[in-house]
Amino acid sequence: MKRWITTTDHKRIGLLYFWTAFCFFLVGGLEALLIRLQLAQPNGHLVSAETYNQLFTMHGTTMVFLALMPLSASFFNYIVPLQIGARDVAFPRLNAFSYWVFLLGGLLLNASWLVGPLFHAPHWNVAPNGGWFGYANLTERQFSPGPNIDFWLLGLQILGISSLAAGFNFIVTILNMRAPGMKMLRVPAFSWMTLVTQFLVITAFPVITVGLVFLMFDRFFGTHFYVATAGATPLLWQHLFWLFGHPEVYILILPAMGIVSEVLPTFARKPLFGYTVVVFSGVLIGFMGWGVWSHHMFAVGLGPIADSVFAGTTMLIAVPTGVKIFNWIATLWGGDIRGSTALHFAVGFIAMFIIGGLSGVTHASPPADLQQTDTYYVVAHIHYVLFGGTVLGLFAGIYYWWPKMTGRLLSEPLGKWHFWLTFVGMNLAFFPMHLIGLLGMPRRIYTYTPELGVSALNLVSTVGAFLIAVAILVFLVNVLRTRTHGRPAPNDPWGGATLEWSIPSPPPVYNFSVIPTVASRLPRWKTERHEPMRDPPAVPPAPIHVPPGSWWPLIAALGLPVLALAPLTHTLWLAFLGAAILLVGIYRWAFEPFEV
Amino acid sequence: MTHAAATHHTSMGLDSRKMAFWAFIGSECLLFSSLISTYLVYKGRSVVGPSPHEILNIPFTSVSTFDLLMSSLMMVLALAAVQRGDMKWGKIWLFATALLGLVFLGGQVIEFTEFVHKGLTLQTNLFGCTFFVLTGTHGAHVTVGVLWLLTLWVRALQGKLGPGQALTVEITGLYWHFVDVVWIVIFTVVYLIQ
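Protein chains in written order, with the working numbering: chain A, 444 to 1039; chain B, 285 to 478.
These are computed hints drawn from the structure, not numbers from a lab. Be aware that a few hints might be false.
[As the list claims (entries may be wrong)] No more than 25 Å apart at the CA atoms, straight line, and that leaves these computed lysine to aspartate or glutamate pairs for DMTMM-like:
#: 1; chain 1: B; residue 1: Lys444; chain 2: A; residue 2: Glu1035
#: 2; chain 1: B; residue 1: Lys302; chain 2: A; residue 2: Asp817
#: 3; chain 1: B; residue 1: Lys375; chain 2: A; residue 2: Asp779
#: 4; chain 1: A; residue 1: Lys626; chain 2: B; residue 2: Asp299
#: 5; chain 1: B; residue 1: Lys444; chain 2: A; residue 2: Glu1038
#: 6; chain 1: B; residue 1: Lys302; chain 2: A; residue 2: Glu855
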């Protein structure tokens, strides 16, 4: 137990990220099922309008910040150091700090479901209810008086610190910790996409932090950043939020694109088609992701010039994305394809992401977007990119790297069941939403009347959602069964080209007995000019220093929720206590002997 | 901080801590850009007074600005002294940097108090909101820098900071100069261009 709490090993932190994020994924999924049950029939009365607001707010917030981002982070942690031939990340204790801050921020956010009585609320739950986008001035104290939004804005600020710390860490790790000979254009595509993602994180999160700090000041200290009567413009929040929010979309999808770029070559036994183009498309997406945010605000009425510019940039960003899709398809073309579960999910990703990408291009046209804004059509789009894209991509990564991370192979037959149930389920759940939206059903409204004519489509969508739930159960059965009955994994069960497959599954604590020297982009494959590299010896020829654990990242992290409790409970001494814990943690951390 | 300067091999030839710090400064640029943009967007939108020209005292803040600029000079001297192993002057310049930082913070306290007496608080109008949150965030950064410098100074007094830790001093300097540069932008945008 102590070993896990004080660990600074990137592999353990990766597993902690995985299981924590997966639990939050299940919580977010349960929230989605409740939403779908409520909407299964017209005039539903399973939950009240107020609870419904909380469900969709927490579903979105949980899935984005507590499930998908940290599930990607679990692979950054576990896989990136292995792919680049490093013994750990650049700052192992900062890495532990990121994890603990993420866990505590997630718990604080979800504590809002249970702590109503502490805030003299009439119910148990005071969960956030302003949408995952938290538009001010709806989220101002005047219109949202309870502690609900406070939990949201404080939780998100804490989670931002976690993401930023991880961002700095992984940028330095990928740029600076590569094995000898691994030039930047020999870095595997997944690690490249991780790098781009982290640059987006460290540039996008400060912007939402400022937006959240303004909201916090408005709610707690009576400022007027979003108060229209004081001359403020509510557009300020929208700009700050979407300046963050659109790069965030790429923060969610680029890691999945990276995973798919690893899985396809391995199971087609062909190098990634146009590796350099795929990498630079990812970099281009990272840059262009900063120039499209106002397409979330077409309905605001920004004027013809702004609308035209953002319509143009939005259509343009489809180009590098399309380039990647063609490269993936070309990778499969003529390959020696093995239909593993990981490949099923990766190909599913391509197909679903194309649908999501195409509906995304339809939003790029302001006149079309005005018809779609705030309807279920947009819900269909984001679920095709975030579920059909990110989640399928993450599952491809789970099946691909599970043997590396746990030492056992997941069952392939159960995996296929998992895939097909997910695939059919998600299309039943999300495809009808296009029609539901175009027929006029608004999103974020707790019910609808039978006269709208969308009752049957909504029922289909609900059935699909439950099919996804069954698929997740199949996955959990697969995981449990694999713990006891799973086939032990050799070093390289798939014949992969990258360095993580050259070492045991799971890897020893030091990863590489000898740091490999890389001579090719596909070090473990025979290419025209290179013989496959020799795997590192099973026993290290010389003793390897492994850093000890540390308590201080956890203790420093504990200071943050205590600090957040101060405004939540209007208790000043908690602010001093939180700051003191944080300071003690940081000072002890800085001065403890810790040799990496 | 207890480690000797970079001994590990790195792919880019730049020490990892320094690289991380440059990334951090890049991130901080976005933080201050958002704050300064908000100040500019809300300029002239306050529906009640007081307005900037009734409140801001350019001569007083010019002195603070000069003080902070001089602290950057002290920081350069401190790093140079530590790098050449002259810890006597290293201690003096580190302390001088921190002291000038404290003087700047003292100036900010006086300035804020005066503004409140003149009727500008955080809640008065949009100018008050944006001004105090922007300059307050900067002041918080200066405070962190002063704590950091004083920590180095104490370590130097204890004999635990020498030329082997020059990189730590250099990184502290990066932070301190960054905070100084941000102030130059704030001083120009908020005080000089009204």
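Here is how each hint holds up against the structure:
With a CA separation close to 13 Å, the supplied pair Lys444/B and Glu1035/A stays within the 25 Å bound. The hinted pair formed by Lys302/B and Asp817/A fails the criterion: a straight-line CA distance of about 45 Å is larger than 25 Å. Restraint check for Lys375/B and Asp779/A: the C-alpha separation of about 67 Å exceeds 25 Å, so the hint is violated. Pair hint Lys626/A plus Asp299/B holds up; C-alpha atoms about 18 Å apart against a cutoff of 25 Å.
As the CA atoms of Lys444/B and Glu1038/A are separated by approximately 17 Å, the hinted pair is consistent with the 25 Å bound. For the hint linking Lys302/B to Glu855/A, the alpha-carbon distance of about 46 Å lies beyond 25 Å, and the restraint is violated.
Checked against the numbered hints above, the structure breaks hints 2, 3 and 6 and satisfies the rest.
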